[in-house]
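> Just so you know, we're using this note's numbering here: the sequence shown kicks off at 1 and counts up by one.
What the hints contain is simulated information worked out from the structure, not anything from laboratory work.
Be aware that one or more of the hints could be misleading.
[As the list claims (entries may be wrong)] Derived CB-CB ranges, DEER-like:
(1) 192 / 71: 17 to 27 Å
(2) 263 / 92: 31 to 41 Å
(3) 263 / 180: 42 to 52 Å
(4) 93 / 172: 22 to 32 Å
Just so you know, these numbers come straight off a predicted model, no measurement behind them.
C-beta atoms are modelled at their ideal positions from N, C-alpha and C, and glycine is treated no differently.
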Amino acid sequence: MTSADGIWQQIFSFDNYGELLALVRNSLIAGAALGLVGGLVGVFVIMRDLPFAVHGISELSFAGASAALLLGVNIVAGSIVGSLIAAGTIGLLGSRARDRNSVIGIIMPFGLGLGVLFLALYKGRAANKFGILTGQIVAVDTPQMSWLLGTSALVLVALAVMWRPLGFASADPEVAEARGVPVRTLSFAFMVVLGLAVALSVQIVGALLVLTLVVTPAAAAARVTASPVLLPVLSVVFAVTSIEGGILLALGSSIPISPYVTTISFTIYVVCRLVGTYRTRQWGARKTVLQPG
1 MTSADGIWQQ IFSFDNYGEL LALVRNSLIA GAALGLVGGL VGVFVIMRDL
51 PFAVHGISEL SFAGASAALL LGVNIVAGSI VGSLIAAGTI GLLGSRARDR
101 NSVIGIIMPF GLGLGVLFLA LYKGRAANKF GILTGQIVAV DTPQMSWLLG
151 TSALVLVALA VMWRPLGFAS ADPEVAEARG VPVRTLSFAF MVVLGLAVAL
201 SVQIVGALLV LTLVVTPAAA AARVTASPVL LPVLSVVFAV TSIEGGILLA
251 LGSSIPISPY VTTISFTIYV VCRLVGTYRT RQWGARKTVL QPG
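With the sequences and hints as input, model every part of the structure.
This is the structure we're talking about:
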């Protein structure tokens, strides 16, 4: 076997695939829930220009998960606590875009530093440390599943309640506020929801690559449609495809799940961007032809 064959075997290996598939049943269910949550939350992340906030929250989520690992308590709970602290801080101190970015820039290195400290103090399996950063697919046990599904349901209910006013406030905050929409309250509530979504995503793709679930699918969908109905539908489809495809491809390999999820997600975005560019050019050419000479 050549070195190239060895590398390929590490990336894609389907030996005993059927037996391995049974090990990730919980992960596939959790992945579907996270794809639904990430796809819907991502719509508002794009509308409100919050990708940087997602990354900042993920760093505190990483710190919370690392602290939980060190203390021997539920990692999902620790991740959620860290995310909510970051989201609440950003929501309270960062009402304007410039202030928000400054707060995030301060939180990110602090959270990362704390996470590294906690992992350095942890003397358990190295795979547990690595999994928090890059994701893992077979570590979703029944207690974690309960946390994941319960928190996902909470996020979905919150989104259902504030979907229309949040969409209005995201598209035109000045007009929304003039019409009595509680813009600031909605903004803070959404940051809390975003914190929960980030904490959930960290469990599968790791703290470093949360953007691929919460930002990329919605950004891809926005390249091909502006429909308020089709946009969230496509975003969810893209997110679920990325995470479920990543789990299934990573199952037989010795490589973490995150490269597979990010590659699928990025490929979808590139295709959508090309389609969007083509349609824009076609529309421009059609307008040119229809204009009177």
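> So, for every hint listed, does it hold in this structure?
Hints and how they fare:
1. Look at residue 192 against residue 71: about 24 Å separates their beta carbons, and that is inside 17 to 27 Å.
2. Under the hint 31 to 41 Å, the C-beta atoms of residue 263 and residue 92, about 37 Å apart, fit the expected range.
3. Against the hinted window of 42 to 52 Å, the Cβ-Cβ separation of residue 263 and residue 180 comes to about 45 Å, which satisfies the hint.
4. With their beta carbons about 24 Å apart, residue 93 and residue 172 fall inside the hinted range of 22 to 32 Å.
Of the hints listed earlier, there is not a single one the structure fails to meet.
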